[in-house]
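Asker: Each chain is listed here by its residues.
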Amino acid sequence: MGRVIVITSGKGGVGKTTLTANLGTALAHLNRSVVVVDADFGLRNLDLLLGLENRVVYTALEVIAGECRLEQALVKDKRTPNLVLLPAAQTRNKTAINPEQMRQLMEKLASSHDYVLIDCPAGIEQGFRNAIAGATEALLVTTPEVAAVRDADRVVGLLEAAGISSIQLIVNRLRPDMVTAGQMMAVEDVVEVLAIPLVGMIPEDREVIVSTNKGEPMVLAAHPSLAAQAIQRIARRLEGEMVEFPKLASLSESFWEKAKRFLTQKVF
Amino acid sequence: MGSLAWNSPIFPAGIGAAKGGVYFCSDAHGIHLHLPATLAWEEVWDDLVWQLRSRRPYWRGIAPLTLWCQERELDLPTLQALAVLLAQYRLQLWRVQTGSRATAIAAATLGYSVEQFSPLEAAPPLPPDTAPLYLRSTVRSGMSVRHRGSVFLLGDLNPGGEIIAGGDIWVWGRLRGLVHAGAEGDRSAVILALQLEPTQLRIADQVARPPEGGSPPNTPEVVYLQEGVICIVSLQEFLRRRAWAELSS
Chain A
1 MGRVIVITSG
11 KGGVGKTTLT
21 ANLGTALAHL
31 NRSVVVVDAD
41 FGLRNLDLLL
51 GLENRVVYTA
61 LEVIAGECRL
71 EQALVKDKRT
81 PNLVLLPAAQ
91 TRNKTAINPE
101 QMRQLMEKLA
111 SSHDYVLIDC
121 PAGIEQGFRN
131 AIAGATEALL
141 VTTPEVAAVR
151 DADRVVGLLE
161 AAGISSIQLI
171 VNRLRPDMVT
181 AGQMMAVEDV
191 VEVLAIPLVG
201 MIPEDREVIV
211 STNKGEPMVL
221 AAHPSLAAQA
231 IQRIARRLEG
241 EMVEFPKLAS
251 LSESFWEKAK
261 RFLTQKVF
Chain B
1001 MGSLAWNSPI
1011 FPAGIGAAKG
1021 GVYFCSDAHG
1031 IHLHLPATLA
1041 WEEVWDDLVW
1051 QLRSRRPYWR
1061 GIAPLTLWCQ
1071 ERELDLPTLQ
1081 ALAVLLAQYR
1091 LQLWRVQTGS
1101 RATAIAAATL
1111 GYSVEQFSPL
1121 EAAPPLPPDT
1131 APLYLRSTVR
1141 SGMSVRHRGS
1151 VFLLGDLNPG
1161 GEIIAGGDIW
1171 VWGRLRGLVH
1181 AGAEGDRSAV
1191 ILALQLEPTQ
1201 LRIADQVARP
1211 PEGGSPPNTP
1221 EVVYLQEGVI
1231 CIVSLQEFLR
1241 RRAWAELSS
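Protein sequence lines correspond, in order, to chains A and B. Under the numbering used here, the first residue of the first sequence carries the number 1, and numbering increases by one thereafter. Under the numbering used here, the first residue of the second sequence carries the number 1001, and numbering increases by one thereafter.
Wrong hints could be hidden among the right ones.
[To be verified] Rough simulated footprint, nothing fancy, chain A against chain B, three-plus residues with beta-carbon under 8 Å:
no., stretch
1, 1044-1053
2, 1139-1151
[What the hints assert, rightly or not] So these bits of chain B aren't anywhere near chain A, every CB distance computed over 10 Å:
no., residue
3, I1031
4, A1102
5, V1207
6, E1227
7, W1244
The set of hints was computed from the structure by calculation and includes no laboratory data. By construction, the Cβ of each residue, glycine as well, lies at the ideal position given by its N, Cα and C atoms.
Just chain A, with the same shape it has in the complex (with noise of 0.2 Å):
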C-alpha cells in the first residue's frame, strides 16, 4: 500500500498546487511511482502547471461514475515516466462527488503507486472534506504571514479531529532578507504556534511564476533554482533520509550564483 498524503493549507494562495506538482515529479525521480489527485473541483490547476491540461480525457467523476476506468482517467507525463495525474471535473462542483467516494477511490490509487499525493482545495467547506477523506497523512503548507499561519492553525485542529496525525508542516515563500531585517515571521515562529514537525522551508522565487505558464515543473530544470532544490529535498525528508535544513543565508541566492545559472540555462 502505498502513502496517500494531502497537501493543505486553509488559506489559498500559498502554494499548494506548485507544491503537488513539484513534489510529485520530484518523487517520481526518485524512482517512486507517484499519482497527483486534483481534488480541487471546479477550479482545477494541476493540470495547467504540470502541462498536461490537452491530454485530460476522462475525469475522477466519470470513474466514479462508473463511465470509465480508472486507469483510463489517469494522465500519464511523457517527462517523467513514474508520475501520472488523475484530474478533477472543471465543470461540476465540490459537491459532486462525496467523502466516501473519494476515500474508496485514493484506495485504490494507493494499492498501485507508492505516493498519492492530492491537491486540497483553499478553505475548510465541502472540498476540504472531500480531500482529506482518503489521506492518512497530511502536508501543511503555510507562508510566513500572520493569516496564512492562523489558518493553518485552524486546519491542524480539522486535520486532527479527522484522525490525521501525521501533519509535517512546509513554510513556503520565505524571504531570508525579510526575515533578517524583522520584516518577516521566521520560520522558527511559525513552528512555534503550529507545534508540527517541519518537513521543509521553500524561498521565495521568480522561477516559480516562469515555469508554471510553461507548465514545466521547475525540479526538471537541469540547473534547479533554490526552491526546486528545496522541494527536491522535501522529497529525500519524505523517503525517510536525513536530509539537514540549510542555513537562512543560503536560500537566497548570491549575484555571481545568480549570474552563474542565469548563463548555464537554455535560452528559450
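Dock chain B against the given chain A, drawing on the hints supplied.
Answerer: Leaving out everything else, chain B in the frame of chain A:
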C-alpha cells in the same frame, strides 16, 4: 461566535466548538455525553474527537457512558462509529437517551439500553457541571472551550482560539487567544498564564486589550479584577499582594 448573551442565566452548555456544543459531565451513574441537536454532524464529530483527545490523560479506567442525543437522528453505522470512537478512549456506551424514534431503533438493534422520551416532553435539564475541566492539548484557531467551572489547560492557546469559563482560567503554556474568566459574572475569577500574550482578556463584564508594543516579560502572569479594572501582574507580585491583603484584613 459573538452571539453570546453574557447575562443569560443559562450558560451555553458545557464546552464546544460552537454555541451549545458537545458536552461531557459525570455523576454516580457514570459519564454523560450530550450531543447538541442542531449542529451539523461533522462539527459534532470534530468537537467530540478533540475533547476526547485532550481529556484523555484525565479519564480513568473504563467508564459506562450514557449518550443524550435529543432529537438528533443517528443511523446504525453512525451510532456504531460513535461507539467505536468512545471505546478507543476507554468509554463504553451502554445507554442511549433520545427523542428520536429512528435513533431509538438503531440503538436497540445494536443492543444498547434505550430510553426514549417523546419530543413534547422537555428534555431533562443539564446538571450544572462546575467541576474543573482539565485539558491537555493545543487550543487552536477556531476552537472554543466553554465550561461552567474553571479550566486548566496544559498547552498553548493559539490566536483565534478562545476559552470561556465560569471560574478561573489557567493556561500552562502560551496564552495568545481570547479568554473570558468568570463569564457568569464572578468578579473574583482570575486568569493565569505562563506566558501572557493575549488577543483580548475578559473577566466578568470587563474587557481589556493587551498594551500595544513591547514584548511581554518572560514570567508567569496573573490577570485579575480590582475595583472594576483589569490588572495584570507577575505571579510573584500577585501572591505578595494577596498576602498583604490577607494580613491587613
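Asker: Let me make sure I understand: some of the numbered hints might not hold for this structure. Which ones are they, in numerical order?
Answerer: Violated: none.
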